[in-house]
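Q: These are the residues of each chain, in order.
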Amino acid sequence: MKNNNRYQREPLTDTQLLMSITIVIFVVMYLLAMIILQGGFLHPQQIFDMLNDNASLIIVSCGLTVVMIGAGIDISVGAVTSLVVMSCVMYLNNGGSIAGSVFLALCIGLAFGMMQGFLISYLDIQPFIVTLAGMFLARGMTTILSVNPQKVEHEGFAALRSIKIEINALGYTAPNGNFIPARMELGVVVALLCIVFIFILLKYIRLGRGFYAIGGNQQSALMLGINVKRTRFLSYIISGVLSGISGYVFMMHTGAGNATNAAGMEMNAIASSIIGGTLLTGGVGNVLGTFFGTLTLTTIKKIVVSSGLNDPWWQSITTGGMLCFFILLQSVVLNRRNRKK
Amino acid sequence: MQNEILLQMRHIDKVFPGVKALNGVDFTLRKGEIHALMGENGAGKSTLIKVLTGVYRMDGGEITVEGKNISIHSPQDAQNNGISTVYQEITLCPNLTVAENMFIGREDGAWIKHKDYEKRADEILTRLNIPARSTQQLENCSLAVQQMVAIARAVDMKCKVLILDEPTSSLDDKEVNMLFTLMRDLKSQGVGIIFVTHFLEQVYEVSDRITVLRNGELVGEYLTEDLPQVELVARMIGKELDELMDLGETEEKEKKETEVFYEAENLSSTDALPFNFAIKKGEVNGFTGLLGSGRSESVRAIFGADKVTGGDVKIKGQPVKITRPIDEMKNGIGYLAEDRKRDGIIAELSVRENIILALQVLNGMFKPISRSEAEAFADEYIKVLNIKTASRETPVGSLSGGNQQKVILARWLLTHPDYLILDEPTRGIDVGTKLEIQKLVLKLAEDGVSVTFISSEVEEMLRTCSRLIVMRDRHIVGELKGADLNQAKVMKTIAGGEA
Amino acid sequence: MKNKKKSFGGLGQLTIPVIALCLLVIFNLVRDMLFIYYFKDPNYVSFFSIELTKNNLDNMVFAGNLISIINGASELAILAMGMTLVTAACGGQDISVGAAAAIAGSVFVKIIKMSPWVNGIVVLFAFVCACIVAMIFGSFNGTLVAIFKIQPMIATLILYTCGRSIAYWINGGATPTVSSPVISAIGSFIPGIPIPTPVLIVIAMAIVFKLLFKFTALELFTQSVGINQSAARLNGINSTFIKLLSFIILGVCVAVSGCIGVSRLGLINHETLLLDIEMDTILAVAIGGNNLGGGKFKISGSILGAYVIQMLTITLYSMKVSSTDVKAYKAIVIILLVVIGSPVVKEKFGKLMSKLLGNRSKTAVKGA
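Residue numbers (the working numbering), protein chains in the order written: chain A, 6 to 346; chain B, 3 to 501; chain C, 887 to 1254.
Chain A on its own, in the form it takes in the complex:
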């Protein structure tokens, strides 16, 4: 048997294939937007705006990707984000410190992660139900804290919020002659760090491969000596903590708390992960794909707005159409591959 050629190229794995498709489509779509719609798409700031607006979505999606790779689901992420925003805003307004608020955000995320992870892994309850309850709990607690919108009135925080990373090289000169550098918020840096962290975790750390193993075949993973329960527990902890971070980033972006913050974010996050090539059945997915999934999703929305479809319904109808396209594409690609085998 000619099995000794280690350097033979392996065919793309499902993860890589789905991610590549997404990246190609994203690039093509963006290029088309640059050519046809022009306007904002010609400026790098457009991408930075997309990142600024969606930093917290990216973070949440990363956590969700981890859970989904482990064949779970966490639909509480948006609600936890919202709860974190509201709690931190109230905490800051009642004389809390910045360090304290960061700590609070992480604790809330961790608490939700632990509670949900415990119920799902150790008591063997269906993840959908547990995280649905978590979502209700977080949403309910948010409104118990305050039904009315709250603005942060904390000087230190205002200063922190206003920190922007300016990149002159990617700036442009506005029609009125002013030079505007590309601006990136701190939250984006946090989001990028999260991506790098999760990427390394999934690829090079024992625990990360464990997520793939339990998602691929839970029974096998157990037989292979992986502590399935603990691994699953940790996947929800990661998702919970990332929701906490996402909440803080959200607050840095908006500077206010509102009971309807991050409404529907869980579904956007699931959509991002799916577009990025994560399968809900588990075992397949990649956090880079999720990042591009989020960008693709956002770009579609931007394109709809820029093409002058101003009626309020077009944005989500196109998003739905696009989602449909990606889902069908994945299905066709995966079915064809499976049939070949």
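Derived from the structure by calculation, the hints contain no laboratory data.
Ideal placement from N, C-alpha and C gives every residue a C-beta, glycine not left out.
Watch out, some of these pointers could steer you wrong.
What the hints assert, rightly or not - Under 10 Å between C-beta atoms, here's a sample of chain A residues computed to sit facing chain B:
#	residue
1	15
2	180
3	288
Claimed, not checked - Simulated restraints on C-beta separations:
#	chain 1	residue 1	chain 2	residue 2	range
4	A	41	C	1061	54 to 62 Å
5	B	276	A	311	32 to 40 Å
6	B	233	A	123	23 to 31 Å
7	B	374	C	942	48 to 56 Å
8	B	392	C	1061	21 to 29 Å
9	B	377	C	908	44 to 52 Å
10	C	1210	A	338	40 to 48 Å
11	B	461	A	338	45 to 53 Å
12	C	1078	A	123	51 to 59 Å
13	C	1240	B	374	35 to 43 Å
14	C	915	B	219	34 to 42 Å
15	C	1097	B	374	14 to 22 Å
16	B	207	A	119	34 to 42 Å
17	A	16	B	325	42 to 50 Å
Unchecked claim - Negatives, chain B to chain C, calculated, CB over 10 Å:
#	residue
18	78
19	158
20	174
21	237
22	311
23	323
24	334
25	481
26	489
With chain A held as given, fit chains B and C onto it using these hints.
A: Here is chains B and C on its own, set in the frame of chain A:
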């Protein structure tokens, strides 16, 4: 070395709700021996293995490894104590690479050194002569290779005790030999191997010692050379083997009827190459060949289980068009699939619902079988086929393999088929039930039902079939009947060469 | 591993919803006792009081918490019936039912608005149109799931994302109102009948399902497909059709509950009509003891589940919990329920009991 005791299990008890699965079982494994663990289905082999590997917790008894008392609560505990298992079903992760599958769960440190692992994996694969690359996705490998990767993993774990649970059931002869070479190699290194299998010849080929279980109790431990095959079977089923002889006498008759029931010309499917086939009314024929020779694929094509891509089919002389199983069922054909768990039983449904399923489908959605009717059918077949079940409402998944098979048989018998295709109906079930099924096949033929019977055990087919179709490399290479129906001739045809 | 459910008094999968209902009833009874006999609060109205009053249309109608529970849970119960079928056949849930109901409601209103007058026939015609539209959307979801083999939750995520916008679009960006005695008869009471009409519709739907299972083999086929699709196919069951059918049936349920929702208010609001109902529906199915991974199912469990959820909500309202905060308490109760129902907890509890009971042998307790 042979007498140094490696593993000892004493008075192991295991109770499941309502069943005592193991009752004071002793088991001793010595260094450097291959020890076959034998017993019918439901004898407690799998339970004993699962207790040893930490999947189940024992309710009583003790386990010692090299004289040390150990407690095993999880597969990890077992691994840490040098006990590794390779199961019949592949217990690896299909979405990871070969190298990852070999090293996951036992990495040193939190970081994964992909390059390092791949190098080590390649070394082992080369040494064991396994046709796989370390960077390959496991799901892109064949089942046999996946099995060997699992063994490679265990080998690399420097295990003291290696449990092979039905490792050969999805391997062909060449691969089996490769595996045996590997087992002997490990044995000479002092590894104790527990070998669970249904293939008696393999036990005699490779094992040193045999422990027999029956109904959750220990029957005895024997040196392989001291226990003739017939006696082994007798100990396993706990009765004398007159019945086996019995069957031999009824076999000799050739069917006189000439009416052809089913005829296919150039039939092909997505998985089967074009072939011609015909079967007469009341005839029992068999497809034989090595695993992967296309025997299962061919009968699947006959039933329309895979997408049929071409060919002309005549049933009772009338041309018919078949695309899906339901078309075949309407023409009086039934098919018992090779993979009972995947393609046969509906595990959580009751025995009753499983039995009436095919008939209900034939009746159509709008003519439901009433509850009382269904109960009558179920009771009838539970009695006729001697299905051992607590009641007709018991979920089929909780029955033993042989009884599950009988339920599926009942399902097809209930449709009163003219032609029944049985693909490996006797696989993984106990000797007693095997015999009952063979008898049933002959009886059906007497009643004018055509039967296609496939079994990995050639002897079984020789006993039941009046005609054997031999396949090799997805082609039909011969058809044997009458005087040619003997083991030597069949083997020769399968193997090719002068045939 | 097997038959664990049976160990709880033979109720099988209905154990959880029945226990939950009992707990809620006991809780309210205790509260009633406290307020009536201990605090002697003269303004306190018993949770269980049902009275016959005149409504604003001069009909004699029943009123009270219990009535508002069974009335308010109507849409949920109807959706739960359909959802149970989809769950069983496909091993996943349709998260677009709320959005699809908004579409169906919009079509319902649109057709009625197009007619110069409103009578029973027009309303019936509008309902049939709504049904057809909902069935079309149902078969869209069903096609994705059955033919393209996409997981239900993901397939229906599409409609979840854009369904309410489609409803908005149908109504051209408005929230039109309809007022007619026929509509209000559907939404509240038929003159002369003191029971709320939605409750009657639920009963009718339940009977339809019962008859469906009685006169067809749908139940057996659905369960077979849900448990082992490959085996079902080799036994001649067309699993694609069964899955598609389950989504189409759910479509009918969606249309019915959408029209009830519209009739209650006499207007269509695409944003708020049956908001978040998909989550409650899935919850009802789960509380009903159905495996969300598909397979065996009991419609009656899901219906009970729907009433459990509504009873919980009304109990909380009666305790003056504001409607926005209800979610948090609901979540706590859900968590308690699923923890009680969790096999792990049951097993631990069983062991504890057998230890407490001492002399009785283990097998007797476990195998009961």
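Q: None of the hints should be skipped; say for each whether it holds.
A: Verification of the hints:
{"no.": "1", "hint": "15", "in the structure": "5 Å, holds"}
{"no.": "2", "hint": "180", "in the structure": "52 Å, violated"}
{"no.": "3", "hint": "288", "in the structure": "4 Å, holds"}
{"no.": "4", "hint": "A:41 / C:1061: 54 to 62 Å", "in the structure": "35 Å, violated"}
{"no.": "5", "hint": "B:276 / A:311: 32 to 40 Å", "in the structure": "57 Å, violated"}
{"no.": "6", "hint": "B:233 / A:123: 23 to 31 Å", "in the structure": "55 Å, violated"}
{"no.": "7", "hint": "B:374 / C:942: 48 to 56 Å", "in the structure": "52 Å, holds"}
{"no.": "8", "hint": "B:392 / C:1061: 21 to 29 Å", "in the structure": "59 Å, violated"}
{"no.": "9", "hint": "B:377 / C:908: 44 to 52 Å", "in the structure": "33 Å, violated"}
{"no.": "10", "hint": "C:1210 / A:338: 40 to 48 Å", "in the structure": "43 Å, holds"}
{"no.": "11", "hint": "B:461 / A:338: 45 to 53 Å", "in the structure": "47 Å, holds"}
{"no.": "12", "hint": "C:1078 / A:123: 51 to 59 Å", "in the structure": "54 Å, holds"}
{"no.": "13", "hint": "C:1240 / B:374: 35 to 43 Å", "in the structure": "38 Å, holds"}
{"no.": "14", "hint": "C:915 / B:219: 34 to 42 Å", "in the structure": "54 Å, violated"}
{"no.": "15", "hint": "C:1097 / B:374: 14 to 22 Å", "in the structure": "19 Å, holds"}
{"no.": "16", "hint": "B:207 / A:119: 34 to 42 Å", "in the structure": "54 Å, violated"}
{"no.": "17", "hint": "A:16 / B:325: 42 to 50 Å", "in the structure": "32 Å, violated"}
{"no.": "18", "hint": "78", "in the structure": "20 Å, holds"}
{"no.": "19", "hint": "158", "in the structure": "32 Å, holds"}
{"no.": "20", "hint": "174", "in the structure": "24 Å, holds"}
{"no.": "21", "hint": "237", "in the structure": "28 Å, holds"}
{"no.": "22", "hint": "311", "in the structure": "18 Å, holds"}
{"no.": "23", "hint": "323", "in the structure": "16 Å, holds"}
{"no.": "24", "hint": "334", "in the structure": "13 Å, holds"}
{"no.": "25", "hint": "481", "in the structure": "27 Å, holds"}
{"no.": "26", "hint": "489", "in the structure": "32 Å, holds"}
Of the numbered hints stated above, those contradicted by the structure are hints 2, 4, 5, 6, 8, 9, 14, 16, 17, listed in ascending order.
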